[in-house]
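Peer 1: Add chain S to chain Y, keeping to what the hints say.
Residue numbers (my numbering), protein chains in the order written: chain Y, 1370 to 1673; chain S, 1370 to 1673.
These aren't lab readings, by the way, just hints derived from the structure by calculation. Owing to the predicted nature of the structure, the values given are computational and were not obtained by experimental measurement. No false leads were mixed into what you were given.
Same chains, same names: a pair is fine if it fits in one copy or spans any two.
Here are the simulated DSBU-like pairs of lysine-lysine, each with C-alpha atoms no more than 35 Å apart in a straight line:
{"#": "1", "residue 1": "Lys1583", "residue 2": "Lys1664"}
{"#": "2", "residue 1": "Lys1583", "residue 2": "Lys1654"}
{"#": "3", "residue 1": "Lys1664", "residue 2": "Lys1566"}
{"#": "4", "residue 1": "Lys1654", "residue 2": "Lys1664"}
{"#": "5", "residue 1": "Lys1428", "residue 2": "Lys1444"}
{"#": "6", "residue 1": "Lys1664", "residue 2": "Lys1563"}
{"#": "7", "residue 1": "Lys1566", "residue 2": "Lys1372"}
{"#": "8", "residue 1": "Lys1654", "residue 2": "Lys1451"}
{"#": "9", "residue 1": "Lys1428", "residue 2": "Lys1654"}
{"#": "10", "residue 1": "Lys1654", "residue 2": "Lys1566"}
{"#": "11", "residue 1": "Lys1431", "residue 2": "Lys1566"}
{"#": "12", "residue 1": "Lys1444", "residue 2": "Lys1372"}
{"#": "13", "residue 1": "Lys1523", "residue 2": "Lys1563"}
{"#": "14", "residue 1": "Lys1451", "residue 2": "Lys1372"}
{"#": "15", "residue 1": "Lys1372", "residue 2": "Lys1654"}
Protein chains: 2
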Amino acid sequence: MGKLLVVGSVALDTVRTPFGEASEVLGGSAAYFATAASYFTTVDLIAVVGEDFPDQHLKFLKSRGIDLTGLERRKGDTFRWKGEYSYQLNEARTLDTRPNVFETFRPSIPDRYRSPAMLFLGNIDPELQLDVLRQVRRPLLVACDTMNYWIDRKREALWRVLEQVDALIINDGEARALGGQPNLVQVARDILTKGPKHLIIKRGEHGVLLFNHKQTFGAPAFPLEQVRDPTGAGDTFAGGFMGYLAATGNLSEASLRQAIIFGSVMASFTVEAFSLDRLRVLDYKEIEARFREFKRLTHFEDLS
Amino acid sequence: MGKLLVVGSVALDTVRTPFGEASEVLGGSAAYFATAASYFTTVDLIAVVGEDFPDQHLKFLKSRGIDLTGLERRKGDTFRWKGEYSYQLNEARTLDTRPNVFETFRPSIPDRYRSPAMLFLGNIDPELQLDVLRQVRRPLLVACDTMNYWIDRKREALWRVLEQVDALIINDGEARALGGQPNLVQVARDILTKGPKHLIIKRGEHGVLLFNHKQTFGAPAFPLEQVRDPTGAGDTFAGGFMGYLAATGNLSEASLRQAIIFGSVMASFTVEAFSLDRLRVLDYKEIEARFREFKRLTHFEDLS
Chain Y
1370 MGKLLVVGSV ALDTVRTPFG EASEVLGGSA AYFATAASYF TTVDLIAVVG
1420 EDFPDQHLKF LKSRGIDLTG LERRKGDTFR WKGEYSYQLN EARTLDTRPN
1470 VFETFRPSIP DRYRSPAMLF LGNIDPELQL DVLRQVRRPL LVACDTMNYW
1520 IDRKREALWR VLEQVDALII NDGEARALGG QPNLVQVARD ILTKGPKHLI
1570 IKRGEHGVLL FNHKQTFGAP AFPLEQVRDP TGAGDTFAGG FMGYLAATGN
1620 LSEASLRQAI IFGSVMASFT VEAFSLDRLR VLDYKEIEAR FREFKRLTHF
1670 EDLS
Chain S
1370 MGKLLVVGSV ALDTVRTPFG EASEVLGGSA AYFATAASYF TTVDLIAVVG
1420 EDFPDQHLKF LKSRGIDLTG LERRKGDTFR WKGEYSYQLN EARTLDTRPN
1470 VFETFRPSIP DRYRSPAMLF LGNIDPELQL DVLRQVRRPL LVACDTMNYW
1520 IDRKREALWR VLEQVDALII NDGEARALGG QPNLVQVARD ILTKGPKHLI
1570 IKRGEHGVLL FNHKQTFGAP AFPLEQVRDP TGAGDTFAGG FMGYLAATGN
1620 LSEASLRQAI IFGSVMASFT VEAFSLDRLR VLDYKEIEAR FREFKRLTHF
1670 EDLS
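In isolation and in its complexed conformation, chain Y is listed as follows (with noise of 0.2 Å):
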């Protein structure tokens, strides 16, 4: 298979939780994605960060073997963001949002990204994600995530990134904002219908669901005695998710399950620490390990 490219964002976070602090932490949608998709497969990123972006965080995507001829470096400040979790760490309370650079961000795709086999939309403006859809060959799977902010703001231009995408990947208040209904259900066969061929909403601590024309999936999360922070989760769930099918280049029903487990398996990594900390020091052992216990959690005999 080629190569996953990654639209998004790169930022410094500052993070509180009930169990600490991080400041001027490396995140970003495109950070979290790409470093977990490259435990699978090699990855492209696009995005954009200022002159004061710390040589440290360039050499660590660096040495996860991610391109970064895409990383835009210009004047200005990185893209900032502060935010805080209660003890339900189920949603971030945003302090301070300060886009810097990232307000002007025009994704260019550089030559040798024209043709990625597969291709994520993190989190940005709509228009943004057309346009990057404008410049690429059409890759075997292209997935985007979106937020409240544009659902409310950009719906007709979302729309028609949704009818490009085959999947998209957001957590469940986003799909009952989309959907406008509370019931999932519902909200999954109104949006395959107009839009994408598989819905994949993330429930946090609650796990996920897979819904396309052909089946329905579901799986827990999995349960951890120390969530430390939460920031990151759903990107680096995507990059889980992405960096398996990308790497197998295998589209099959069974094998999108499996990706979701991968791409759960990754995400229960990144909330054991701040930042991409413990991404930082993960191995690829520990990755089938952790799998393998998801299938012990989730097995039962079916009826004989």
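Peer 2: Just chain S, lined up with the frame of chain Y:
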């Protein structure tokens, strides 16, 4: 295997949800539990109703093969509960509770009930749960439910119950209140150290977790297109779970996992209609079919 004994409430519920309302319909923990369990085994029921309790409900419970020798009929009115649900459908808002004859309920176990194979102590005062335990010969499996009201007000008596039961079946909010912390894995470890061998945490639309010293098992809820009334889902779950275990007498880990799925299947039917209306017309073949759908919903291939 012998019989399954349940002690709990039989009530007349008035419920409003975004999908309709039902007035003075059959409800109560023992009614939901016994009806669900009756699909798997024979059930003895202990509860109290007033003079106003409609004969049609007695007829229905008898038609399910439930032994009502232990259903006391007393002067006064039957337990009334009135509640409503928002679109979230996760938690009921109680509008009115009138315990009536239930207020002075003192479970007295008929002789023929005193050697149950398995026992379920529905959500009643822990002092009464202890009283029941004193009156029966030790069953193969005892499970109990409780609620925040007792966790707050009768914590000591509740822990005395928990030292004597094999399984505690509660929802996630109750588990966190009992364990005194937000992380369910830590809560589980704490509860299992001090009390029952098995902790089953019901999470409504988010599924269920089983913790014991050997294993953790997690299953999503069955994704439903139409949830009309969640009342009784938890007790129906417990009824399916214990009904299956009582029918087989098998307490192996594989059997416990299948029992969790049977419980989830029964709960998924209950919430499709108000009161016990879906269970009234339910066929065992539908239960098996949905069990198999559950298997398809959650199955993925392990790594080779």
